[in-house]
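Enquirer: Sequence:
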Amino acid sequence: MDSQPTPRRRAYWLKTLHQWHWISSALCLLGMLLFAVTGLTLNNASHIESKAVVISREARLPDTVLKQLSAAPAHKKAPLPAPVARWLDDALDASTAGRPAEWSADEIYLSLPRAGGDAWLSIDLASGDVEYERTDRGWISYLNDLHKGRNTGLAWSWFLDIFAVACLVFSLTGLVLLKMHAGNRSATWPMVGLGLVIPVVLALLFIH
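Count the sequence shown with numbering that gives the first Met the number 0 and you get residues 0 to 207, in order.
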């Protein structure tokens, strides 16, 4: 590689960097649009009206299902038995499978937070009575929770990490490309410097 003329090395690196840059930008495109829009909605949340929709449901566990809860687990926080979780899903549309429940002598309580809303469920161990409440705060709240990674699960957490790496590749390859083209574009470094100075000055002067 060292024996090759400088123009050939430059052409090689330009081609490689452009390739990494467009691949990472393609991977980031939808995510960056999502995060840009939700950045606006989060920053202006006080100006965006939202109305929560609350759904309340009640039911009673059949005796055969209630018997599944007769033996308390070894730990006070443990998932419901699979037959109970399936019954609750069918009867109340309450997704409880694998969710940790709080077991006490007379009641089981589940907190069921979700992106864009919340939910909870309680089971009376004596009677088998079930109370379920679900709150939906709307699609803007849902997208905001995706932005924050709040109650979004493991798969979305992995996506956020991969997306962050792709953004780093996109930004760093863009910076190197700026450097390689800076000789023909006199405004390159003043603009880069401006992009650095503005947030630093705002943070120092207006954030306390």
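Any given hint could be a false lead.
[As the list claims (entries may be wrong)] With a Cα cut of at most 20 Å, we get these calculated EDC-like pairs of lysine to aspartate or glutamate:
no., residue 1, residue 2
1, Lys50, Asp123
2, Lys66, Asp135
3, Lys75, Asp123
4, Lys147, Asp135
5, Lys50, Asp160
6, Lys76, Glu106
7, Lys76, Glu101
8, Lys66, Glu106
9, Lys75, Glu57
10, Lys66, Asp88
11, Lys147, Asp160
12, Lys76, Asp144
13, Lys75, Glu106
14, Lys66, Asp105
15, Lys147, Glu101
16, Lys76, Asp135
17, Lys50, Asp144
It is worth saying that the hints were derived from the structure and are not from the lab.
Enquirer: The structure should be examined with respect to each hint, and the outcome stated for every one.
Expert: Against the structure, the hints:
1. Of the pairs offered as hints, the one joining Lys50 and Asp123 is violated, with about 31 Å between alpha carbons and a cut-off of 20 Å exceeded.
2. With a C-alpha separation of about 32 Å, the suggested pairing of Lys66 with Asp135 is violated against the 20 Å cut-off.
3. A C-alpha spacing of about 16 Å is found between Lys75 and Asp123, which places the hinted pair at or below 20 Å, so the restraint holds.
4. A C-alpha spacing of about 17 Å is found between Lys147 and Asp135, which places the hinted pair at or below 20 Å, so the restraint holds.
5. Pair hint Lys50 plus Asp160 does not hold up; C-alpha atoms about 31 Å apart against a cutoff of 20 Å.
6. This hinted pair checks out: Lys76 and Glu106 have alpha carbons roughly 12 Å apart, not beyond 20 Å.
7. At roughly 5 Å between alpha-carbon atoms, Lys76 and Glu101 fall within 20 Å of each other, so this suggested pair holds.
8. Between Lys66 and Glu106 the alpha-carbon distance is near 14 Å, which keeps this suggested pair within the 20 Å criterion.
9. Pair hint Lys75 plus Glu57 does not hold up; C-alpha atoms about 24 Å apart against a cutoff of 20 Å.
10. For the proposed pair Lys66 and Asp88, the alpha carbon gap of about 18 Å is at most 20 Å, so the pair holds.
11. The hinted pair formed by Lys147 and Asp160 meets the criterion: a straight-line CA distance of about 12 Å does not exceed 20 Å.
12. A distance of roughly 26 Å separates the Cα atoms of Lys76 and Asp144; the hinted pair therefore is violated under the 20 Å criterion.
13. Under the criterion of a C-alpha separation no larger than 20 Å, the hint pairing Lys75 with Glu106 is consistent with the structure, at around 11 Å.
14. Straight-line distance between C-alpha atoms of Lys66 and Asp105 comes to about 14 Å, which keeps the hinted pair within the 20 Å bound.
15. Taking the CA atoms of Lys147 and Glu101, the gap is near 26 Å; set against the 20 Å cutoff, the hint is violated.
16. Distance hint between Lys76 and Asp135 is unfulfilled; the C-alpha atoms sit about 26 Å from each other, more than 20 Å.
17. For the suggested pair Lys50 and Asp144, the alpha carbons sit about 16 Å apart, so the restraint of at most 20 Å is met.
Checked against the numbered hints given earlier, this structure breaks hints 1, 2, 5, 9, 12, 15, 16; the rest are met.
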